[in-house]
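Undergrad: Top line first, the protein sequences correspond to chains A and B.
For the first sequence, position 87 (counting from the first letter as 1) is numbered 87 according to the working numbering, and the numbering increases by one without interruption.
In the working numbering, each residue's number is its place in the second sequence (first place is 1) plus 349.
Just so you know, not all the hints are guaranteed correct.
[As the list claims (entries may be wrong)] Distance condition first, Cα-Cα at most 20 Å in a straight line; then the derived SDA-like pairs of lysine to any residue:
no., chain 1, residue 1, chain 2, residue 2
1, B, K853, A, A65
2, B, K696, A, D70
3, A, K260, B, F812
4, A, K170, A, W272
5, B, K853, A, K170
6, B, K696, A, I59
7, B, K853, B, P864
8, A, K237, B, V391
9, B, K696, A, T69
10, B, K696, A, K237
11, B, K853, A, K237
12, B, K843, B, V391
[Said to hold, decoys possible] Distance ranges between label pairs, derived from CB positions:
no., chain 1, residue 1, chain 2, residue 2, range
13, B, L562, A, P158, 25 to 31 Å
14, A, H18, B, K371, 57 to 63 Å
15, B, P810, A, I87, 40 to 46 Å
16, A, I87, B, V402, 40 to 46 Å
17, B, V419, A, K237, 29 to 35 Å
18, A, E241, B, F835, 52 to 58 Å
19, B, L398, A, P158, 20 to 26 Å
20, A, A30, B, G591, 21 to 27 Å
[What the hints assert, rightly or not] Quick partial rundown of chain A residues pointing at chain B, CB under 8 Å, derived from the structure:
no., residue
21, P22
22, V23
23, E24
24, L58
25, P79
26, E81
27, A89
28, L220
29, I225
30, P226
31, Y253
32, G255
33, A256
34, K260
It is worth saying that the hints were derived from the structure and are not from the lab.
Yeah, the Cβ is synthetic: ideal placement off N, Cα and C, and Gly gets one too.
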Amino acid sequence: MLAGILLTLVSIWYGQNHGLMPVEASDDAALVDGLFNSMMTVGTGIFLLVWGVIIISLIRFRRRAGDETDGPPIEGNIPLEIVWTAIPAVIVLVIGVYSFDVYNALGGFDPEAADQPDVVQVAMLPGEEMATPLIDSAIQKPMSAHHHHMALGVGADPETMGNAPDLTVKVMGLQYAWIFTYPESGVVSGELHIPNEKDVKLIIQAQDVLHAFWLPQFRLKQDAIPKQDAELRFTPKRIGEYPIVCAELCGPYHGAMASKLYVESQEDFDRWLQAQMPTPSSSEQPVATTLPENRSAAELLAVHAEQIGVDSTVLEQLHSQHDSQGSGVISLQSNLDRAEPITEYLPST
Amino acid sequence: MTQTEVQPTVSAHAHHAPPERKWWHYFTFNTDHKVIAIQYLVTSFIFYLIGGVMASAMRTELATPNSDFVSPETYNNLLTLHGTIMIFLWIIPAGAGLANFLIPLMIGARDMAFPKMNALAFWMIPPAGIMLALSLLVDAPQAGWTSYPPLSLMTGKVGEGIWIFSLLISGTSSILGALNFLVTLLKMRVPSMGLNSMPLFCWSMLATSALVLIGTPVLAGALILLAFDLLAGTAFFNPSGGGDPIVYQHMFWFYSHPAVYIMVLPLFGAISEILPVHARKPIFGYRAIAYSSLAIAFLGLIVWAHHMFTSGTPAWLRMFFMITTMVIAVPTGIKVFSWLGTLWGGKIALNSAMLFAVGFIAVFVIGGISGVMVAAVPFDIHVHDTYFIVAHLHYVLFGGSVFGIYAALYHWFPKMTGRMMNEPLGITHFILTFIGMNLTFMPMHVLGLQGMNRRVALYDPQFTTLNQVCTVGAYLLAISTVPFLFNAIWSWSKGRKAGDNPWKALTFEWLTTSPPAIENFEVLPVLTWGPYDYGVEHLSEGEEPPLTSPELQPNTSVAS
Ligand SMILES: [Cu+2]
Ligand SMILES: [Cu+2]
């Protein structure tokens with residue numbers, strides 16, 4: 001009895017005070033941590049119970065020297081067996097419902113998530129699509145438009161579902177970098193800046209192989225899949241600098257495929273965005289016309305190239321071969337092989 | 350302590366004194382299930398050592414955040430080969446080895462149903478394994494044991510081709526083995542043994558074999574299509590040609606999740622055998638344990654996409670697979686609690702076999718708890734493809750399978766070789782393994798939660814300290830195999846003679862000589878007592894056993 005109370009108290013205390021998770025940078029992260037804490041509480045209880053029974057058995061029921069007799073012939077106990085079948089079943093049911101609830105609150109059921117950008121694009125250019133030759137349009141049409149009708153990733157939470165996000169950023173994963181494109185301003189960057197407390201939507205794409213876009217402090221992750229867009233939508237709640245990690249094996253330098261997320265005040269964010277603008281002097285012009293359609297990932301990567309040991313000729317290759325799948329990437333990769341150790345680039349926090 | 354009676358009335362079988370087993374038989378195409386069992390166990394243990402050396406090299410690399418011990422390409426070769434070898438050439442064949450040795454003996458058969466096919470299945474393992482291990486010298490695969498396209502199509506045709514070919518061979522071997530186990534279990538039990546009086550190891554092999562037969566062909570399909578993409582330039586999975594890499598993931602995990610149970614169910618069975626013997630108490634809840642194996646196998650077939658929660662899996666599928674995955678905790682919990690019930694009140698001998706069996710429960714339960722956690726989609730989104738998963742899977746496959754294999758080896762070594770293993774060395778082995786295991790894998794939970802991704806040759810320096818703890822643990826694990834190896838080799842020739850039944854156990858394998866004669870039983874045994882009737886008051890000698898009569902003795906045509 002006393003042991004049971006003690007076990008419960010220790011489990012509850014540890015479930016809340018394990019301190020194993022990194023900083024929570026969004027409300028979504030807090031929801032996930034709430035779920036994790038409950039599972040830690042239950043898990044600690046089960047762990048203590050099982051280890052307790054084992055240790056007590058090994059001490060109390062160890063065979064004494066010279067004892068050749070058998071133990072009591074107990075072959076089972078139906079009520080007890082029903083109890084230890086029912087209790088895990090109930091625990092699992094509760095955790096299942098709780099997880100479902102958290103998943104819904106995160107925005108997991110937003111039905112439009114991934115397809116949205118493509119649908120918009122097609123709606124805007126109906127004439128052009130009709131005009132282009134059949135083969136061309138078949139090639140250019142993103143796979144995702146056909147492939148699935150449900151969200152990949154985490155969309156808007158139930159309250160904001162259907163609203164347009166405050167900011168949309170396209171995230172392109174390639175060996176071994178993340179490239180962020182801000183479609184409204186045309187800015188392309190090797191690091192991700194977003195304004196605090198704003199509803200941000202990331203469209204996750206991959207150029208070459210599978211990658212996974214992971215924000216540990218936001219408890220969010222989504223694989224980047226070539227030709228299948230996915231989405232992560234969230235609202236940062238804490239100004240700061242956070243690691244961006246690639247979590248899907250993407251080649252030898254997978255471990256170096258990292259970037260930074262800066263959550264900034266709206267003013268800082270606007271200032272940063274302005275500084276990144278291709279032609280900052282002509283700011284009175286409509287943004288759309290200064291949009292450098294041909295500005296490629298490679299050019300923008302050049303800023304960071306020095307740090308990851310990629311020289312600009314490789315980036316040029318990457319640029320020119322951007323559309324011919326693969327080959328550009330291979331040359332980037334082979335160059336990385338010769339590169340200096342990449343680790344200085346890693347975040348040192 | 351009564352033994353199962355041996356009916357003296359039988360045997361029209363004229364046994365011409367069988368020839369002795371010679372050492373060189375173990376290097377030939379021999380159809381004796383016991384020879385094949387030893388072949389499986391020794392071969393798979395050699396691959397375990399090879400995979401272990403690779404793990405040590407990886408942990409050495411990870412002692413520092415920089416890439417400084419091996420090149421990042423080599424690191425990826427190592428992680429790919431380590432995973433593949435440990436799964437396909439160590440744990441799965443070791444399970445097949447135990448099943449080969451135990452099934453015919455436990456059910457009173459003279460051999461497996463298809464002895465030639467049995468030998469063929471074994472002899473596919475060495476070429477598959479040697480080919481894979483030697484690929485390190487030419488061009489090894491480096492896309493991980495999961496080998497996801499498109500990366501696997503871009504990292505070198507030779508290595509990837511070898512990987513695919515090697516897996517196709519070992520998969521075929523595993524299918525042939527499973528077919529044999531299934532038919533043997535269903536058709537060759539002594540007539541007095543109904544399904545519900547089979548030892549629990551047999552139940553677990555029934556479930557395992559079914560999983561192998563259902564799952565492995567799907568893996569083979571995935572591998573063949575992948576080979577076409579790789580070598581013939583098709584685009585089943587290659588997105589640049591319009592293929593869908595997610596389809597590969599579905600096919601791969603349709604096999605590879607059940608593979609977890611293929612790797613752990615045989616050891617669940619072994620633990621259920623070992624605990625009652627050394628606790629001198631009947632297994633607690635025989636039917637619950639037996640049927641939960643079947644429940645686990647069935648559920649294991651409908652959970653695969655929990656490996657794809659952050660991949661191309663839409664919301665409702667994520668929820669479906671979350672629920673099915675969590676439900677597996679129920680039959681698994683039944684087993685764990687039944688094992689605890691078996692220990693409670695027993696007379697527990699703290700020998701090497703029992704320590705590993707109890708250690709199995711202790712560490713496996715940690716993998717089970719983290720398993721329910723990662724089934725929860727919102728949490729899995731955070732930890733998927735991180736060191737938390739590496740920790741979880743090693744608690745299941747090292748804490749579960751490897752501890753189980755060691756427990757089984759200590760327990761059945763006397764039967765296999767006729768000699769006892771050295772206990773002090775065995776206990777040393779257990780203590781080193783237990784500490785080393787937890788030191789290596791426990792900190793990985795924290796690393797993953799904190800933000801360290803898996804399969805990386807270089808990492809953020811903030812994770813250095815914990816990684817160094819893991820590396821120390823890994824070295825300890827490497828060292829821990831030395832007392833075992835020494836013990837096994839030395840005891841095999843010099844150990845104390847075991848006699849037929851050193852543990853005073855009740856299952857059939859302990860009724861024959863140690864090592865068993867070539868055709869196992871001079872006279873086929875008759876089931877008189879349940880396999881776990883420890884402490885049960887038995888009928889007095891000479892009374893007719895309730896379950897059988899002499900007329901029901903099997904004819905012995907199978908053996909000849
Ligand atoms: Cu990547
Ligand atoms: Cu699984």
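Undergrad: Could you tell me which of the hints above the structure violates, numbers in ascending order?
TA: Hints 5, 8, 10, 11, 13, 17, 19, 20, 22, 23, 25 and 34 contradicted; others consistent.
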